[in-house]
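Engineer: Sequence:
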Amino acid sequence: MTWGLQINFSPLKEPLGFIKVLQWVASIFSFVTCGGFKGKTELTVNCLNENHTIDADFAYPLRLNRSSSLSCDLEG
Numbered sequence: 001m002t003w004g005l006q007i008n009f010s011p012l013k014e015p016l017g018f019i020k021v022l023q024w025v026a027s028i029f030s031f032v033t034c035g036g037f038k039g040k041t042e043l044t045v046n047c048l049n050e051n052h053t054i055d056a057d058f059a060y061p062l063r064l065n066r067s068s069s070l071s072c073d074l075e076g
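Counting in the UniProt record's numbering, the sequence shown runs from 1 upward without gaps.
These aren't lab readings, by the way, just hints derived from the structure by calculation. Only a predicted model underlies this, so the values are computations on that prediction, with no experimental measurement involved. A couple of the hints might just be wrong.
[To be verified] Between beta-carbon pairs, the in silico distance windows are:
1) F37 with F9: 53 to 61 angstroms
2) P61 with I19: 37 to 45 angstroms
3) T33 with T53: 27 to 35 angstroms
4) F37 with K13: 35 to 43 angstroms
5) D55 with P11: 45 to 53 angstroms
6) Y60 with I19: 35 to 43 angstroms
7) S10 with D57: 49 to 57 angstroms
8) E14 with V45: 54 to 62 angstroms
9) L12 with N46: 33 to 41 angstroms
10) F58 with G17: 32 to 40 angstroms
11) L12 with H52: 53 to 61 angstroms
Just so you know, even glycine gets a beta-carbon here, dropped at the ideal spot from N, CA and C.
Whenever a hint applies, use it, and build me the whole structure from the sequences.
Structural biologist: Here it is in structure tokens:
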């Protein structure tokens, strides 16, 4: 009777098994590095000879459906 942890490394000897391990490592690394992602962008818009500035802050997870907008009043 055998006791203890036995790990079979034979799937890693084949190319597809090795690629799967690399995919797992890359996915874990990418989620770890994106966790604290923050940024800011600034746009300057010329509307009826007036300059307006739009600031947009974003962070991970990116919620692009929540964005600010600016419209020009064309009636004066």
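Engineer: So, against the hints stated earlier in the document, which numbers end up violated here?
Structural biologist: 1, 2, 6, 9
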